[in-house]
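Listed in order, the protein sequences are those of chains C and D.
Take the first sequence: its position 344, counted from the start at 1, is 344 in our numbering, and no numbers get skipped.
Take the second sequence: its position 159, counted from the start at 1, is 159 in our numbering, and no numbers get skipped.
Rather than coming from a laboratory, the hints here were simulated on the basis of the structure.
One thing to keep in mind: the hints can contain errors.
Unchecked claim - Result set (DSS-like, lysine-lysine): computed pairs, CA atoms no more than 25 angstroms apart in a straight line:
hint : chain 1 : residue 1 : chain 2 : residue 2
1    : D       : K167      : D       : K186
2    : D       : K183      : D       : K217
3    : D       : K167      : C       : K325
4    : C       : K194      : C       : K342
5    : D       : K217      : C       : K81
6    : C       : K81       : C       : K71
7    : D       : K22       : C       : K78
8    : C       : K18       : C       : K39
9    : C       : K67       : C       : K39
Stated by the list, open to error - Pairwise CB distance ranges (calculated):
hint : chain 1 : residue 1 : chain 2 : residue 2 : range
10   : D       : M1        : C       : D195      : 40 to 48 angstroms
11   : C       : W324      : D       : K186      : 56 to 64 angstroms
12   : C       : K71       : D       : S213      : 44 to 52 angstroms
Stated by the list, open to error - Going by beta-carbon spacing under 8 angstroms, a handful of chain D positions derived as facing chain C:
hint : residue
13   : I54
14   : G59
15   : F65
16   : F67
17   : L90
18   : N125
19   : A155
Built from N, CA and C at the ideal position, the CB exists for glycine as well.
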Amino acid sequence: MNGLEQFGQDPWWIIAIKVLLVFVVCVVLTLFNIWWERKVVARMQNRIGPNRHGPFGLLQSLADGVKLALKEDLTPEKADKIVFITAPILATVPAFVTFSVIPFGPEVNLFGVQTPLQLTDMPVAVLFVMAIASIGIYGIVLGGWASGSTYSLLGGLRSSAQMISYEVSMGLALVTVFLMAGSLSTSQIVEAQKDWWFGALLLPSFLIYCISMVGETNRAPFDLPEAEGELVGGFHTEYSSLKFALFFLAEYINMATVCALATTLFLGGWRAPLGLGTVWAGANEGYWPVLWFFLKMFFFIWVFIWLRGTLPRLRYDQFMALGWKVLLPASLAWIIIVAVIKMAAIQGDFSPNWILFGFGLAITVVVVLGFMNRLPEKEPQAAEAPGGYPIPALPQGGAVRGAAQPLVFGPSAVEPTRSGVRILPSPEDALPEEAK
Amino acid sequence: MSFVILASVMVIAALGLLFARKPVHAALSLAVVMIGLAMIYAMLEAPFLFAVQIVVYTGAILMLFLFVIMLVGVDTSDTLKETIAGQKVLAIVLGTGLGAILITGVGQASIGTMRGLSSANEGGNVQRLADLLFSRYVIAFEATSALLITAAIGAMVLAHRERIDPKQTQTDLAQGRVADYAKSGKHLGPLPPPGTFARHNSNDTPALLPDGSQSTKSVPAILAGGRTDEGEDE
Chain C
1 MNGLEQFGQD
11 PWWIIAIKVL
21 LVFVVCVVLT
31 LFNIWWERKV
41 VARMQNRIGP
51 NRHGPFGLLQ
61 SLADGVKLAL
71 KEDLTPEKAD
81 KIVFITAPIL
91 ATVPAFVTFS
101 VIPFGPEVNL
111 FGVQTPLQLT
121 DMPVAVLFVM
131 AIASIGIYGI
141 VLGGWASGST
151 YSLLGGLRSS
161 AQMISYEVSM
171 GLALVTVFLM
181 AGSLSTSQIV
191 EAQKDWWFGA
201 LLLPSFLIYC
211 ISMVGETNRA
221 PFDLPEAEGE
231 LVGGFHTEYS
241 SLKFALFFLA
251 EYINMATVCA
261 LATTLFLGGW
271 RAPLGLGTVW
281 AGANEGYWPV
291 LWFFLKMFFF
301 IWVFIWLRGT
311 LPRLRYDQFM
321 ALGWKVLLPA
331 SLAWIIIVAV
341 IKMAAIQGDF
351 SPNWILFGFG
361 LAITVVVVLG
371 FMNRLPEKEP
381 QAAEAPGGYP
391 IPALPQGGAV
401 RGAAQPLVFG
411 PSAVEPTRSG
421 VRILPSPEDA
431 LPEEAK
Chain D
1 MSFVILASVM
11 VIAALGLLFA
21 RKPVHAALSL
31 AVVMIGLAMI
41 YAMLEAPFLF
51 AVQIVVYTGA
61 ILMLFLFVIM
71 LVGVDTSDTL
81 KETIAGQKVL
91 AIVLGTGLGA
101 ILITGVGQAS
111 IGTMRGLSSA
121 NEGGNVQRLA
131 DLLFSRYVIA
141 FEATSALLIT
151 AAIGAMVLAH
161 RERIDPKQTQ
171 TDLAQGRVAD
181 YAKSGKHLGP
191 LPPPGTFARH
201 NSNDTPALLP
211 DGSQSTKSVP
221 AILAGGRTDE
231 GEDE
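So here's chain D without its partners, still in its complex pose (with noise of 0.2 angstroms):
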């Protein structure tokens, strides 16, 4: 019964995943699998996978999808332009022939109920798995974690960019606003804030200096539309 309701949830989520056009809706879609996935493992006794699966899956890789998808393409949708020939008919073609492989496969197989499960499971699914990692797989396992440190510090060295000049501090920075002043006169200052003596606090309203004409300066650029920013305060 519930392996009914996650997996038409899992499975309407998949062709979210497929048809959404936003990236994010997407990458949405795809968490609702994984989190599908991690239950169909908690319904299976493995209460382990299923703690782990969303650790690692849901919380760590896809969050790492989603903030790639969120910082460089905010506003992307998917462009239905094909960038190589012939690459819509050979999708479906391929798509069709695997589809096909896998349900002739998975239906002649005879799947039968689980076998030696409790075995498996004798003394807490937890205990038996830290029995079988440290134990009988103990090489696979390091070879892993030195294989996951190594990608992962690979992934340090080629982002790594070195310092040629030295760091900035805040009283170099303000040193250096100083210094401009001095040079081209330019203002030390925040802007001023939009508003400011103004009749409306809206922040299209510009801010009036204290002889009530109106600084340019005051409002953001954006608000400002066509007006330009050029215009000295006076």
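Just chain C, same shape as in the assembly (with noise of 0.2 angstroms):
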């Protein structure tokens, strides 16, 4: 058949140990997921993060994973007993199986026997994990269904309808790919990026994949399903216990999936990164390949810590409005684009590579310059308040735009003496100069 004869041709003693590595590889991930996150966040807010237990704090993933299970597992009286424990399952199982069409590698000996490093392929893997992930959408749902609590069911809805609604502009951004490299298996897929990887050929879809990822695993800016100051904890408000740890499970290894599928899609899956593979042959051989992938994954995991360190979370409206008004139109115009140069390429017989690559590239600085350039906001007026509500004067001059003034304490300021210790002039000092 096309390319998949080296699939299903395993002993099940092999498949036994690829769907135990997949599981391991999972929650291995997660636990380290959340020790990383943990730890990057805390570096970009100038803290220390985790470093009690285990080498640098990496075990305390694991404590609080034990401690979450062995807490006590609250049922609210109004929630529906049977969907209430379904629902985190049902948001589980689906993460896991996901994975089991991530290629880690080429085909490689696996004691003794050779076989590609991925438990699975078909014909349609990739609509296959966005056929998954939907069902996974139910364990949320229901969860903030069965709860029976007002914060779980809007938690739950916005949440599932901001799922939807961004795997529409996150399907439509494969949907380039899948053109590209003329199949939608992702073993296939990472055979075609074998000259140029997809991120670079097709950058628009590579982009707009990254943004509707984000939206898609519920994450900040876009944890709008979570926002604490709204709805509590969304979803998951009513859960605790195991169940709340296998929504936590579920989220974590979503973002591993997505990091993973992008992967797969766009940077070329386990092939060894910036022509490496040139200069060293054996680079894309053997158990190399799952070295570059899981940099590479890391790599997408690294921007999510990034994103939630750096960016305030988006107004609900706004956010839905980017996925529908923005992305969307912006996949299908490049569809288009893709479609027309691809068939040129195929009529009159030409690579269409650098065309593509050129196309995508200007599009999108024109793009990024656009936002860049921006008008200024209108400038806030300084009316006044209409019924006379007390409020402080502003400052003169207007309100105060920017990085506030050095603070000057006088000619007889002292500099610090010694590192990290200001000595305080005394208050006459501080005064400034025309009081005096």
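Can you join these two chains into the complex? Each is in its own frame, and there are hints to help.
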């Protein structure tokens, strides 16, 4: 058949080992990602982060997991018991299942058997991921509904509406990849990226995918379902103990899944980065590709953490407008461009790669420049407050914009003598010049 | 073997769909039937149909059902009261009739094994489907898509309401609140949170005002029970 002959030939014990490996990778990745996220965010906020349990605090998430599992399991009185218990399972199982079609490496020798480092592949592998992810949404919706709480219901609805909306633009971003690869199977898509990564060839698709994967996984700055100022904890407000842990697990595995998918579809999957394969032939053989794969994947996860540490949360309507009114039409337009270029290339018998790359780069540069040169927002007007509600007077010269003026403590201000210790001048010295 | 397992799961879920009291449980049973159907497609070497079945029916259509059920009738269960006279009897008679027809019809048909599957799937299931859709059935395909787009636009047009007054921005709302305060003295900010300055952090513990009196506004009306929220904080 279509290049998928290498799958489905394994003896049962190889399949069992692979299944176990996928499971272990998912769980360990989750533990690692939680630790990593806490560590990186801590660095960004000038803190140290977890450093007590194990080397560099690596075992912190394990300890947290054990603690979480041993906590008291509460079920609200108004909850729908069966659905309440099913929901976290329904969220977690699909998260694991999607990992089964991710290619970690080429064909390798696993305990004496030649087998691809991928549990399975199918002609519709990427569609399979989308389908299974849509089952995972059920867990969230039902968890929100079954809790019998308004916060949970609203959080669940928000979350699912968001995931469904962003799945649309995500799916459309993938269409161009299918067009260029000529296949929907993950191993074939990696194979098609031998010369050009689709991330470079289809830059707009890549960017749209990156934005929608953050929306799809409910992560900051798109973590509106868990906006604690509005919805307490969103769909999992009423969940505790192991059930909450399952939701948590599902969220982190989903994050890893979209990162793995981004790696596979846009960054060449397990292929060695940036022409390393041409210099060193062994880079794309054996178990080395696993290293490249995880390096690329951790890059994406790091971007997730970076975003979370940097950006404030969006407003819900603005967020949905971004998905439906910007990303979706942009994806559609880009699909048409790619289809036309590809068709012209087939008819005219030339390689579309450089043209696509140029087009994509030009469009991206124009859009980014457009964002940077956006018209400045309307100046706030210091209007007289209606009704005379007591408001403090504005500072002279209008509202303070930008960074504050540096503090000046007069001529006799003493420079710090020891690191970190500032010796304050006496109050008289601190008065400004004209006041003396 | 796998067909037997899938079929029995599907039949149980279908029965659950019929007998579930809560609409959400019925919708869930339907979801199980849909996923079972998708798996049967996968078994019959129709992987594309498998994925599409889950994405479209389970992921989109049933999800919409769930949304509507959850938002409209969170707590409603089916009532057993008949709204149309004789509905139950009629339903039983017609249902039995349909069942009898189906059983006799399917029972008399001789169903052999699949034929022509390998030639239909030659060169890959997805590729063959694409070939057919965009060559022989291209008119039907385009007509269907036009119909679906028309339906979607129609739904949007029907649901759309023209805005008569301009949209209130955050500035407008804030100014309106201040104007309200000037007119009626209505408090500008949020209500005092429960338990502030109190000895317990329970939601039904009223906040204490600086003079030691209790703020009735700080307890949600639902939790306050019989107490009304009329009392102003003094």
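Verification of the hints:
no. : hint                                  : verdict
1   : K167(D) / K186(D)                     : holds (23 angstroms)
2   : K183(D) / K217(D)                     : holds (21 angstroms)
3   : K167(D) / K325(C)                     : holds (19 angstroms)
4   : K194(C) / K342(C)                     : holds (18 angstroms)
5   : K217(D) / K81(C)                      : violated (34 angstroms)
6   : K81(C) / K71(C)                       : holds (19 angstroms)
7   : K22(D) / K78(C)                       : holds (14 angstroms)
8   : K18(C) / K39(C)                       : violated (30 angstroms)
9   : K67(C) / K39(C)                       : holds (20 angstroms)
10  : M1(D) / D195(C): 40 to 48 angstroms   : holds (45 angstroms)
11  : W324(C) / K186(D): 56 to 64 angstroms : violated (37 angstroms)
12  : K71(C) / S213(D): 44 to 52 angstroms  : violated (38 angstroms)
13  : I54                                   : holds (4 angstroms)
14  : G59                                   : holds (3 angstroms)
15  : F65                                   : violated (11 angstroms)
16  : F67                                   : holds (7 angstroms)
17  : L90                                   : violated (32 angstroms)
18  : N125                                  : holds (6 angstroms)
19  : A155                                  : violated (15 angstroms)
Violated hints, listed in ascending order, are 5, 8, 11, 12, 15, 17, 19; each of the other numbered hints is respected by the structure.
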